[in-house]
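Enquirer: Chains as they are written, first to last, in my numbering: chain Y, 1 to 303; chain X, 1 to 199; chain S, 1 to 206; chain R, 1 to 254.
Residues from chain Y shown here face chain X by an in silico Cβ test under 10 Å; the list is partial:
1. 24
2. 229
3. 260
No more than 20 Å apart at the CA atoms, straight line, and that leaves these computed lysine to aspartate or glutamate pairs for EDC-like:
4. 83(X) x 120(R)
5. 199(X) x 118(Y)
6. 275(Y) x 5(Y)
7. 117(Y) x 165(Y)
8. 123(R) x 64(S)
9. 275(Y) x 12(Y)
10. 110(R) x 126(R)
11. 149(Y) x 165(Y)
12. 114(X) x 253(R)
13. 92(Y) x 119(Y)
14. 23(X) x 146(R)
15. 159(Y) x 127(Y)
16. 199(X) x 114(Y)
17. 87(Y) x 75(Y)
18. 63(S) x 126(R)
19. 23(X) x 18(Y)
20. 97(S) x 104(Y)
21. 87(Y) x 127(Y)
22. 147(X) x 30(R)
23. 114(X) x 186(Y)
24. 147(X) x 42(R)
25. 199(X) x 119(Y)
26. 23(X) x 148(R)
27. 97(S) x 4(X)
28. 92(Y) x 127(Y)
By construction, these hints were calculated from the structure, which means they are not laboratory data.
Quantities reported herein were computed from a predicted structural model and do not represent experimental measurements.
Every residue, glycine too, gets a C-beta built ideally from N, C-alpha and C.
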Amino acid sequence: MAWFERLKPRFERFDKIDSRYIYLAVFLSVLLPLFRPIGLPITVGEQTREAFLLVDGLPQGALVIMSPSFAPSSDAEVVPQMMALLKHLMSKNAKLLWVNLTVEGSMYATRAMDSLKDEFGYEYGRDYVITPYLPGQQTAIASIASDIKGALTVDVSGKPVWDMEAVSGVSSISDFDLLIDFNTGDTCIYYLQQVQPKGVRVIAGASGVTVPYLMPYLGSGQLAGLLGGLRGAAEYEMVSKTPGLALGGMDAQSLSHAAIVLFIILGNAANLAAKSRRGRLDTGADNGENQGFGYENQGGTSK
Amino acid sequence: MSRDPGVWVAALLTLAVWSYLIKQNLVFQVVEHVFIGISAAHAMTMAYFTIRAKGVQPLLAGDVSLLFPLIGGVLLYSRFLPKTTWLSRIPLGFTMGTAAAVVIRGSVDASFVKQIQATMLPLTSLDNVLMVVGTIATVTYFLFNLKSRSGVGGYLARFGRYMMMAAFGAAYGNTVMMRMSLLIPRVRFVFGDWLGLVK
Amino acid sequence: MKTVLPMIVTFVGGAVVLLDYFVEGSWISATSNAFLSWSVLLAAFSTFLGGANILFIHVRNLKDRRPNWGLSVILVLSLVAWFVVGVVGTTESDIYKFVWENVYSSLSATMFALNAFFIASAAYRSFRLRGAESAILMTAAVLVMMGRVGIGEAISSRLPMLADWLMSIPGTAGMRGITIGGALGAVTVGLRVILGLERGGTGMSV
Amino acid sequence: MLRAGSIADLTVLVLMIASGIYYYRKFASDKVVPIRRIRGLDTIDEAIGRATEMGRPVHFTTGFGDLVADTFAAFAVLDYVARQCARYNARLIVSNSQPVVHPITENIVKTAYTMEGRPDSFKSSDIRYLSDTQQAYVSGVWGIMEREKVAANIMMGYFFAESLLLAECGNRVGAFQVAGTASTPQLPFFVAACDYTLIGEELFAAGAYLTQDPVRIGAIMAQDIAKLLAIALIALGAVMYTVGSTFLAGLCDL
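The shape of chain Y in the complex, shown without the other chains:
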């Protein structure tokens, strides 16, 4: 390959690119799509589509329980899912009851509703209610399932929940059409065990690491839909045609991932060029090959 021969010396200087150029590339690949989204297409997974179709088929003014039970460490992944689902639900004028199984839950609920309520003409009490932290995850969910009116009595500001217009017609958990749990842990499984059998369909919004644990429930049909990680949020925005936090993020993800792969290729091209020029194997420190490989006579130099 003559062209490679010619380019060899140029490739060699990619062996030790100053890290700061890499930082700059990552920074730009995150920043630029925020100004000008590229809108790279993504395919929508089956599990996201199922969630969308379920929400889309809800009647106007349906009763929905929202449960933000994720840890703050995964809000970067889960909040975009919550916003995408909320926009869709609010466009269908769904009545929302927020149930909070974590200390931070009511904060996330308040923040999300404050940012969207004007756009959709929502009003506290009439269209949605936020209840305070309910400790004890598994037992809390069991109590909601058996007697929701006894388990939740007052809202975050101490007013009686069931006098509010949004939920005044509720007599038991079965009156709700849908429950959406945003989780990083076991809460969704408890909901599936306790609440789903009472005729409430359950959708999960999960962080990337939680997805494998929930897959079996999707296969068995207990879980009616699943959004996984930032990707799931982007898919939902795509399918519901409301580009938001996640879809903008997906362009940044695509670009930054591509930038990293490009740098890996450059580094290897440099290696290859140097190797063929010197006509021998590069014997620099090899993390992959020599690390901790403890057998006798294992050669290897280190830098």
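Here the structure of chain Y is known, so what remains is to put chains X, S and R in place on it, guided by the hints.
Expert: Showing chains X, S and R alone in chain Y's frame:
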């Protein structure tokens, strides 16, 4: 541009941290020392309230058993006097003993027995075979008595290394997305919430 | 006395908590729970030990006018001031919350997010083809990276599936082998600590 | 009464204790070290030697992990590193994130210096508690690595998301880096960014490997026996499941 002083503080601090990427500099070092200072103070504040709520108040309410940890806690400070240094090893030993027991409790079941159980898969698909052989091979790599590189053990151990490298590579690639999703909100905060350039 | 007493305490603490795991009995489980909550209190006490260490080092930097003593002044001032605000005004006061949200939380989030830059620079530096193992490491990383984003899907629609497979089969097998080995190491190190055999390592012998 | 579900665990524990005692006695009489080479541990000497030559300090940290198994194993490495540093007169800086771990590391280093006959070289101000806020701890370690220009960075213990942040800084200041952890989510980053990495159980073998203390050798051999058991159980369990029996899987629930 934002008029919220909180946003200004947070944004300037964000820039200070980013400046470290270019070069170690005085501004970042100042931020570093303030950060350590307030986080140490925060930890001490929380510790103060913990000792008061879980130690002193129940003790005054009659739970005499709490004298043990409270005296033990004070003994930790005996290390500052040369003659009594050994006394501080009593509470340290207690902490280490209970921590070690918790370690054993957590490891033997969830990380050993249950992992073995989860690997007992029917050898009916290629994936299952790979899972079983791969796990066995990786465990073989950790046999410290296995000195030879040849033989079945040696080959298995080598295959185990390959499995681990595949696992590391996959996990590395998978984490890139999560790390980027941490950076995106920060960039959005600076260029959106603070500068108002992005919506 | 000086060596035996700490060893006895270590053993009793560990043995009770361990026994509680294997044996049912209200007395044991009550004692074990009490021991674990004592540990929380002891940790709270040692937090002040840590704070004292910080103050010692930086006050001395300041006194001896060592290099960067100015930074030490900043640290000591922010530590003392903040502790006073926290204890006197409690952590619920407005000023505490303001600093918590805009200084502490935003610094934590920004520092954490630097991982995005470093994951790129480390990948560039270390994912080089040098042999079978580094080839596997690099290939798996690149495939999963591309399989997670739209640009990879545009290249091949099979990439996301391949990425999932890499995570779920070789990924699980490799990590599980490490977990099994690590668990055994944890068990023996735990036993040695409880039995007082970890002498050199814990500084208990002097 | 034994708790339900703990019989399998107890069996493993008893087996390990018994084989540990057996091999402890065997090693005490045979004196043949039965452990293979662990390269990552051999490189610790190299790292300290390099720092000594350059006249720059060695940095050691146990990560953000509390008193967990990896931390205990790291203590054994710290003990060795401190002795070597005392012997070669290299400066050792230890930074801690957990208040409970801090006094223990101070004890270890102080003891090591005393044992090597250099109690005067020990400086308690070089054993530093930084912060139990993860990212403040990271910024503190960065500060130490940059200002003190460390030549070797040894990271052993249980790490969280700080692993890559610390390793990249070490790389930036040109330190020779050896890491070791059993934290599977962080291992990929250490493997990528450090010169050598002890993977999982190799960290736990460190104490035995470096000190050749019979108790620790016995423990390592007990771990080997348990691993052989694991291999046999997995293989047999998979074959039995293939022909339709889940008897062995059921045993694990006992």
